Amino acid sequence: MPAIPIEQAVRTMLTSNIANLTVPDASITHGYRLQDSSLPAITFSVDSTANGSISADIFVSEATVTAIAATTYDVSVLQAAVRSACIAGSYGLFFRAVDVTNQSILPESVGMGDEQEPAQGITNITVHWSSS
Amino acid sequence: MATVYPCSAATITVGGSAIPGIIDASVTLNHEPIDCTEIADAWKNFTAGQRGGSMQGTIYYNQGATAVSSLEGAVAGGLSVAIVFTMHTGPASYTANGYVTSFTPSLAVNDVVRASFAITFYGAVTVG
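Heads up: the sequence lines are chains G and F, in that order. Start counting the first sequence at 1; every next residue gets the next number (the numbering used here). Start counting the second sequence at 1; every next residue gets the next number (the numbering used here).
Just chain G, same shape as in the assembly:
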């Protein structure tokens, strides 16, 4: 049984490797961000976790990290920081290998009442991890 949830370890990876000036710790949240919170922000979710070996000592998790900023350019800069942050290391769980498998950007758009919806950058990662 893992010592901590994989979600907590992914958040630790992001907060450890993304400068607080780039995105404050409090703005890196699981699942969603509050609509009136400041930008930029990062949300993440762990989409699946499966056994990676027959003895169940290695796990493989698929996760999505979403960078949110006012403009496409800001998101593109933030996505580079996210890519650099997704690296192997000890985050409460041992991330043996972290692969960025896909990145894409959704540009800012017009939302309800003509307000600007922020741009979003999606980063998909695959994490091979173990608890010891």
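In short, the hints are calculated from the structure, not lab data. Remember, predicted model here, so these are calculated numbers, not experimental data. Honestly, I wouldn't trust all of these hints.
As the list claims (entries may be wrong) - Derived CB-CB ranges, DEER-like:
hint: 1; chain 1: F; residue 1: C36; chain 2: G; residue 2: P2; range: 53 to 61 Å
hint: 2; chain 1: F; residue 1: M1; chain 2: G; residue 2: S84; range: 33 to 41 Å
hint: 3; chain 1: F; residue 1: L107; chain 2: G; residue 2: P24; range: 36 to 44 Å
hint: 4; chain 1: G; residue 1: E62; chain 2: F; residue 2: N97; range: 37 to 45 Å
hint: 5; chain 1: F; residue 1: Q56; chain 2: G; residue 2: R83; range: 46 to 54 Å
hint: 6; chain 1: G; residue 1: I87; chain 2: F; residue 2: N97; range: 37 to 45 Å
hint: 7; chain 1: F; residue 1: G123; chain 2: G; residue 2: I87; range: 46 to 54 Å
hint: 8; chain 1: G; residue 1: T64; chain 2: F; residue 2: A18; range: 33 to 41 Å
hint: 9; chain 1: G; residue 1: S90; chain 2: F; residue 2: G90; range: 32 to 40 Å
hint: 10; chain 1: F; residue 1: G90; chain 2: G; residue 2: P5; range: 31 to 39 Å
hint: 11; chain 1: G; residue 1: Q35; chain 2: F; residue 2: T89; range: 50 to 58 Å
hint: 12; chain 1: G; residue 1: A3; chain 2: F; residue 2: A18; range: 17 to 25 Å
Using N, Cα and C, we set each Cβ at its ideal position, and we do this for glycine too.
Using the hints, position chain F against chain G.
Using the frame of chain G, we list chain F on its own:
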């Protein structure tokens, strides 16, 4: 009711060291009976012949693991290895000596380093 065992308790040791991070593995025992059918026989006849075995598997490549470096070194050096292939807890293992006939590290986009290997047994295989 059939008893079903999970693979999570399975282990493979090489020279006494367990292989970590096994992705898949299989072992095969063979028996090649000798055809002793005579021309007048209506049905085929066989007598017990030679037996042998082999195994293969896929693992996460880690040269720092003793068992992995043993497999790699054995194929490079033409050395034999002592194998214990345990399917699950209880008496369910094959013990044999063999030669590593291939060791294949592999790379792929967005993936981790894996290796596959194959071993051909020589001598008796102990079914425990």
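Taking the hints in turn, this is what the structure says about them:
1. At roughly 59 Å, the beta-carbon separation of C36 of chain F and P2 of chain G lies within the given 53 to 61 Å, and the hint holds.
2. At about 54 Å, the CB distance of M1 of chain F to S84 of chain G disagrees with the hint of 33 to 41 Å.
3. Taking the beta carbon of each, L107 of chain F and P24 of chain G are about 38 Å apart, inside 36 to 44 Å as hinted.
4. At about 41 Å, the CB distance of E62 of chain G to N97 of chain F agrees with the hint of 37 to 45 Å.
5. As the Cβ distance of Q56 of chain F to R83 of chain G is approximately 37 Å, the hint placing it in 46 to 54 Å is violated.
6. The hinted window of 37 to 45 Å between I87 of chain G and N97 of chain F holds, with their beta carbons roughly 42 Å apart.
7. Under the hint 46 to 54 Å, the C-beta atoms of G123 of chain F and I87 of chain G, about 47 Å apart, fit the expected range.
8. At roughly 35 Å, the beta carbons of T64 of chain G and A18 of chain F sit within the given window of 33 to 41 Å.
9. For the pair S90 of chain G and G90 of chain F, the supplied restraint of 32 to 40 Å holds, since their beta-carbon distance comes to about 36 Å.
10. In this structure the hint that G90 of chain F and P5 of chain G lie 31 to 39 Å apart at CB holds, the actual value being about 34 Å.
11. The supplied range of 50 to 58 Å is met by Q35 of chain G and T89 of chain F, whose beta-carbon atoms lie about 53 Å from each other.
12. Between A3 of chain G and A18 of chain F the Cβ separation comes to about 22 Å, which falls inside the hinted range of 17 to 25 Å.
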